[in-house]
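S.K.: Each chain is listed here by its residues.
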Amino acid sequence: MFVRCLYSTEQTKTKCLKINAVQQKLMQQFLLKKGDFSKFVNTAIKDSDFVAPVEGSREKQNTRPFFREISSADEIYLGRKSYYTVKGFFFRENEKIFGFNGNKIINPESELKDTIYFGLRRCDLNGIYHQDIVFLDENEDPFYKARRDASLLIGYHCREGDDYCFCNSMELVDFFDLMFYDKGENYAVETGSEKGNSFVKKYSKFFTKADNAVSDEDRKTVNRKKLNTADIKDDYDNDDWKKGSDICVSCGACNFLCMNCHCFDFEDDVEFDLKAGSRIRKPASCQLRSFTRVAGNHVFRNERNARFKHRIYHQLQYFRERHNVQFCTGCGRCIEGCPVRIDWVEIINEMKK
Amino acid sequence: MSTRIIKNSPYKPRAKKVIYYKRESPDSFTIRLDWQLKHEPGQFIFCSLPGIGEAPISICSYSDKYIELNIREVGNVTKALSGIKKGDKLLARGPYGKAYPMELFRGNNVIIIGGGCGVAPLKGVIEYLEKKRKDFKDVSLFFGFRTPDDVLFGKKIPDWKKKFDINISFDKVQKNMKTCYSGKQGFVTQLVDDNVKDNSNKIVFICGPPIMIDKTAELLLNKGFHEDQIYLSAERLMYCGMGKCGRCMIHGKYTCLDGAVFRYDELKDYKDD
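Taken in order, these protein sequences are the chains called A and B. The numbering of the first sequence is the working numbering, which starts it at 29 and goes up by one. The numbering of the second sequence is the working numbering, which starts it at 13 and goes up by one.
In isolation and in its complexed conformation, chain A is listed as follows (with noise of 0.2 angstroms):
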């Protein structure tokens, strides 16, 4: 997968744009008829499971946009980015860790489907790529690296932004196996890795070659939404932060609905005789008191205004010093889905006006 590489000093600047420029040259750029994308979409579900936004309904269990795997093109829904996100299809809840009975391990087992993911937005891609600095980096994850070796991704680039994102502010990479642009009646197609261009060669069929397809205009999202800087660091302090806090209710929806979050709990599920089972993973929130008691019932972050600059200094401070990227993706789903509607990005522009 090729990732466009970030400078964080002046001294890597120069070495980066040149990893950058040869990645570019990897890079290659096609045509699909709009007219051909069932035909293409419907031969791609005979080989592989497809996975793909669909517009939710009360028939569907979920009356907003979700990730699902379907069985017809007819099912994909691309106006609008998807409310829930597709982390779930990597990091599994109620992920078994191992089997046990009594002292005895028993290795758990990982499905290992080829599946397609299409449709998923910049920050959707770079949300997979750092789950995959989390997962994989050091100390691999096995059950993550399982589904991501069985993966294709596929993204699919918003020209226009909703009432939430502010993408541009979060200086995100391009991170895909293939990206589709719509250019009307046909789809611009662009290869970012190996993986994808053995896909195009697979569906030949479908895809045109056309150099320059994609033009620095095509590539570019227009967002409505704006955080002035992510810069943070010196205003852990502020009161302003307590705006937030004060209407916060400590439901998690944040980090349910956020892309990037990864924080888990593992718990022990028992059968009936109490000596077999096994030991499972769960997704777990900052947001939560719970989050941080250690026995004897001591909690660390106690107040609420605490846990709630967690979550933000964690986005927007913490990954990046640890691994000189952006957290954040600025999907704004934390903000969308916040049933309080905490704006968090607007309290850091006026804290900082």
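Don't read these hints as lab results, they were simulated from the structure. Where is the CB? At the ideal position from N, CA and C, for every residue including glycine. There could be a bad hint or two in this list.
Claimed, not checked - Rough simulated footprint, nothing fancy, chain A against chain B, three-plus residues with beta-carbon under 8 angstroms:
id	region
1	125-136
2	162-176
Claimed, not checked - Here are the simulated distance ranges between beta carbons:
id	chain 1	residue 1	chain 2	residue 2	range
3	B	LYS175	A	ASN266	18 to 28 angstroms
4	B	LYS235	A	THR257	36 to 46 angstroms
5	B	ASP183	A	ASN167	33 to 43 angstroms
6	A	THR42	B	LYS168	58 to 68 angstroms
7	A	ASN167	B	LYS173	24 to 34 angstroms
8	B	LYS97	A	LYS271	53 to 63 angstroms
9	A	ARG317	B	GLN197	35 to 45 angstroms
10	A	PHE300	B	ASP240	38 to 48 angstroms
Since chain A is already given, all that's left is putting chain B on it; use the hints.
M.R.: Quick look at chain B alone, frame taken from chain A:
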């Protein structure tokens, strides 16, 4: 669809046999595991009982033959572990965490200050110092316990007295109570205040309840100690031990990867975060 059996998961523990069990105080016990694990003082392991759960426990020994753990019964897992007997097995994985950078301190005077069950992780350091006694100058131990009943590693104390300067205090002592230990009544901070005069060539390790760490560090700083002379241990909830579960993060630092031993200046502003 195909499935892959995950054999080498980093989360997978191994069954280890308990070869020694001793009740240490009314609410804590020491166990020794038949486990030749390469480790350094200050590191920890995860212990679990299937069906109950997993908990991080500091290693309280320094040996290439076994692993010793002192466990205080405060949560579900530790309470369940207290029922374990010699010959039983438990599940364990590790070691995790950054150790005390002992090599850096060679040729220095060492002050060790422990409060309650915070003495346990420091026992690993003490055993390290016993083995490499010649590499270090004066070693002073300051232990504070609630009552004489709560003293940990009581049998070791006479041994340590021969090699190190040792001071013990009890928060509460009943009137006319006879104890096997010569200790003063009061907090460990008082002991430190009375006995530590200056910061010359000294390195301090503190482990104990947060309030005890705060007060002791404050006292030492007032006596002229520099922030980089003081090392302290942080306690946080954790599940993975590898910087993934996010539970133990303190202002961007993972207690499991960057700690649990931190230099004072790394944590001073974020102790409650």
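S.K.: Honestly, do THR42(A) and LYS168(B) meet the 58 to 68 angstroms range at C-beta?
M.R.: holds, 59 angstroms
S.K.: Taking 33 to 43 angstroms as the stated bounds, is the beta-carbon spacing between ASP183(B) and ASN167(A) within them?
M.R.: Once the Cβ atoms are compared, 41 angstroms apart, the range 33 to 43 angstroms for ASN167(A) and ASP183(B) holds.
S.K.: Using the beta carbons of ASN167(A) and LYS173(B), state whether their distance is inside 24 to 34 angstroms or not.
M.R.: violated, 42 angstroms
S.K.: For the hint 38 to 48 angstroms, verify it against the beta carbon of PHE300(A) and that of ASP240(B).
M.R.: Distance hint for PHE300(A), ASP240(B) is violated at roughly 55 angstroms.
S.K.: Closer than 8 angstroms, Cβ to Cβ, for at least three residues: run that test on the region 125-136 of chain B against chain A and report holds or violated.
M.R.: It is violated, with 0 qualifying residues against the three required.
S.K.: Is the listed coverage of the region 162-176 of chain B by chain A valid when you require three or more residues with a beta carbon under 8 angstroms from a beta carbon of that chain?
M.R.: violated (count 0)
S.K.: Holds or violated: the 53 to 63 angstroms window for the beta-carbon distance between LYS97(B) and LYS271(A)?
M.R.: Roughly 56 angstroms apart at Cβ, these two residues keep to the hinted range, so it holds.
S.K.: Kindly confirm whether 35 to 45 angstroms is satisfied by the beta carbon distance between ARG317(A) and GLN197(B).
M.R.: With a Cβ separation near 37 angstroms, ARG317(A) and GLN197(B) satisfy 35 to 45 angstroms, so the hint holds.
S.K.: Lying within 18 to 28 angstroms: is that true of the beta-carbon distance LYS175(B) to ASN266(A)?
M.R.: violated, 52 angstroms
S.K.: Cβ-Cβ distance between LYS235(B) and THR257(A): within 36 to 46 angstroms?
M.R.: holds, 42 angstroms
Violated hints, in rising order: 1, 2, 3, 7 and 10; the structure is consistent with all others.
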